[in-house]
Amino acid sequence: MKTQLLMIATLGLLLAACNRQEPAPAAPKTDLDRFQGTWNLVSAAQDGKALDQDKVKQTTIVFKGDTFRFPGSAEYATSKEGTIKLDENKTPKEMDAISTEKETMLGIYALEENGYKVCFAPAGKPRPTEFSSTPGSGYILQSWARQKTQ
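Position one of the sequence shown corresponds to residue 84 (the working numbering), numbered consecutively onward.
Hints in this document: simulated from the structure, not taken from any laboratory. Here the structure is a predicted model, which means the values were calculated and not measured. Where a beta carbon is used, it is the ideal one built from N, C-alpha and C, also for glycine. No incorrect hints appear here.
List of simulated lysine-lysine pairs, DSSO-like, C-alpha gap at most 27 Å:
(1) LYS185 to LYS168
(2) LYS208 to LYS132
(3) LYS163 to LYS176
(4) LYS132 to LYS176
(5) LYS173 to LYS147
(6) LYS185 to LYS208
(7) LYS140 to LYS176
(8) LYS200 to LYS138
(9) LYS200 to LYS185
(10) LYS163 to LYS208
(11) LYS231 to LYS168
(12) LYS200 to LYS140
(13) LYS132 to LYS163
(14) LYS138 to LYS231
(15) LYS140 to LYS163
(16) LYS147 to LYS231
(17) LYS173 to LYS112
(18) LYS147 to LYS200
(19) LYS163 to LYS138
(20) LYS200 to LYS112
(21) LYS231 to LYS200
(22) LYS112 to LYS168
(23) LYS173 to LYS185
(24) LYS147 to LYS112
(25) LYS176 to LYS200
(26) LYS163 to LYS231
(27) LYS200 to LYS168
(28) LYS208 to LYS176
(29) LYS176 to LYS112
(30) LYS140 to LYS168
(31) LYS231 to LYS176
(32) LYS163 to LYS185
Pair ranges (Cβ atoms, derived):
(33) GLY219 to LYS147: 29 to 39 Å
(34) PRO218 to GLY120: 30 to 40 Å
(35) LYS173 to GLY148: 14 to 24 Å
(36) PRO209 to LYS231: 34 to 44 Å
(37) LYS112 to GLU195: 14 to 24 Å
(38) ASN172 to GLN141: 32 to 42 Å
(39) ASN172 to PRO218: 27 to 37 Å
(40) THR217 to GLY148: 25 to 35 Å
Generate coordinates for the entire structure from the input sequences, incorporating the hints supplied.
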């Protein structure tokens, strides 16, 4: 009887171990986590004018930790590289881009399923309050998509 109970208990433990599923990968905890990786510029406007689509398609940005860099063409970039500071508790959410030359551009952002949009004011100007770029505003409005892994 003891042997049978021991075998049943052992079998139960083996079955439980075999049925254990791998835990799902942890979801990103913060917006900064969600920004990590490489993104492609989809569309951009500055001061109310759409930017050249050929140059837009050549623009990528890479986020690593709290740093950003534009590995290729950075014609429509706030700066070639620097750091970002996010405040995801504000509405709209706020992003400061601080270039390596210590120039700060104030912006707002919204993360979406596979991308994000951002709107920056020119350096020294107040932060935008909405996602728009109208003539005379100087605002830079951009939409980005996460680069697909190949």
